[in-house]
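Peer 1: What follows is each chain in one-letter form.
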Amino acid sequence: MHISEGVLSAPVLLTGAALTLAGLAAGLKAVKDEDTPKAAVLSAVFFTASLIHVNIGPSSAHLILSGLIGLMMGRAAFPVIFFGLLLQGILFGFGGLTTLGVNTFTMAGPAALFGTLLRPGVNGRNPAAASVSGFMCGALPVLLSGLLAGAALYFSGEQGQYVALAWAVVAGNLPVAVIEGIVCMFCVSFFRKVRPDLLKSAAFAPGAAGPSPAFSPAD
Amino acid sequence: MRGNCLARNPLAAVPGTRGAAPGLTGLRAPSSGAAGPRGRRGDATGLPSNAPTAPTPGAVTLGGPALAAFALALCSAIAPSAPAFAHAVYVFAYANGDEICTESYFTRKNRVVDGRIAMQDASGTEIGSASTGADGNRCFPAPPGEGDLKFVVLAGEGHRGEFTLPAADRPGAPSAAEGGAGPGRADPAATGSGPSPDGAAADGAGASGEAASPGAPAGVSEETLRAVVREELKAQISPVVRALAEARDGGTPGLREIVGGLGWVAGVCGLVLWLKRRPGAPGRKD
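Chains as they are written, first to last, in my numbering: chain A, 3 to 221; chain B, 1472 to 1757.
Please note that the accuracy of each hint is not assured.
What the hints assert, rightly or not - No farther apart than 20 angstroms at their CA atoms in a straight line, the calculated lysine-lysine pairs in the PhoX-like style are these:
#1 A:K195 with A:K40
#2 B:K1747 with A:K34
#3 A:K31 with A:K202
#4 A:K202 with A:K34
#5 A:K31 with B:K1747
#6 B:K1747 with A:K40
#7 A:K40 with A:K202
Since the hints were derived computationally from the structure, they do not count as laboratory data.
Looking at chain A on its own, in the form it has when it is part of the complex (with noise of 0.2 angstroms):
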């Protein structure tokens, strides 16, 4: 999921640079101050993940648990994730700094829509549905983010047919998005039991949700 440098065209990191800017601009909007020690924990937490690593394939994948920070920050899970990625670029050598832009809204950007999406069932008053939100809170992103990462490859001029590549990323990161959505799963149940406001108090303004504009006002 980390796209290392040079790999990239200069049009599809200039397109990641921007839509991460928005995203930045609508996540830092919505942190507040009591949220601030919230994110950094998140960020800590997304910045030692990467480390579990998943061997599949010819790749090696590992946790992101990015849909955890977009169900507990929402549209905040941006400079979250921003700030994780920039750590992890300086001082892993995972992706690298021109492609942070890239790399941030690919896995922020869907973090950032299940998780406004799939709140409203993990608040819910069923467990069972509160359990199955939450799995596919942690499952989906992951998901999305690879075909956003295939497609990143693709418009770079990565050979093969976009079908066949996406295919290939989502069978690839299949394993790695079941594993997050049990992890997430256990998470959503443990919070609701131990500290339901953990899932409640994040920074969700009404407005449209950085990329997601389908996120109607509430109030």
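Guided by the hints, dock chain B onto chain A, whose structure is given.
Peer 2: Relative to the frame of chain A, chain B by itself:
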């Protein structure tokens, strides 16, 4: 290029046992001078590295000016001097006899399976490529010519890593055989005939003289002896060269990077909270 010492000094150390010390100090140099090949790598990427800093000015509008400003400062502080960064997929190459062997991996245990590794010459022209195979290891026959060799591994899904093998580290590089002017490498003619009575000259030349003289009566020419010792030492030292090549290129994240990153997160969080602190906030009087 710092890599030169890597190839030259160990072999220059052959003639005399005392030469081993300069050889070892020479080996240490590459790890401290990692900026060389990486700096070029950064320049080679299509876009100036300040591109991702662009988001931050727009973000200053509201909410997290401190974070944005700090991120901007961080980026601008690091980007210009940034020797580009290693990538999540790593590759390194070393000379092994007449071959150049490469190893590609994500983590130490996690090899690049069936990725594609390409060998490029100094001008960037691809002169060979192959699959990395099942264990991520792939050896190329040494190509003719001179100059640095670059190895690029593509491991799918945008994973890309590269490694530059300096010209002096290529198999059979002239610097390894003849070009070395290391401390122990005295002129063979001088050591053969020279009695080296002067104490000042005895340091390097005397040592190699000792090594060569006992061999010569047994009917082995000095050149053959040199070649044999060179081969032997090369075999002995190649694991060290390999390990250094791996260390020089960063390698996988360690505890230091992890703890350091967490420290950054905590520090920036504290900074943001501090700067956002309102004078009138409850419990806070300024």
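Peer 1: Look at each hint and say if it fits the structure.
Peer 2: Here's how the hints hold up against the structure:
| no. | hint | verdict |
| --- | --- | --- |
| 1 | A:K195 with A:K40 | holds (18 angstroms) |
| 2 | B:K1747 with A:K34 | holds (10 angstroms) |
| 3 | A:K31 with A:K202 | holds (18 angstroms) |
| 4 | A:K202 with A:K34 | holds (13 angstroms) |
| 5 | A:K31 with B:K1747 | holds (13 angstroms) |
| 6 | B:K1747 with A:K40 | holds (15 angstroms) |
| 7 | A:K40 with A:K202 | holds (13 angstroms) |
Hint violations for this structure: none, all hints satisfied.
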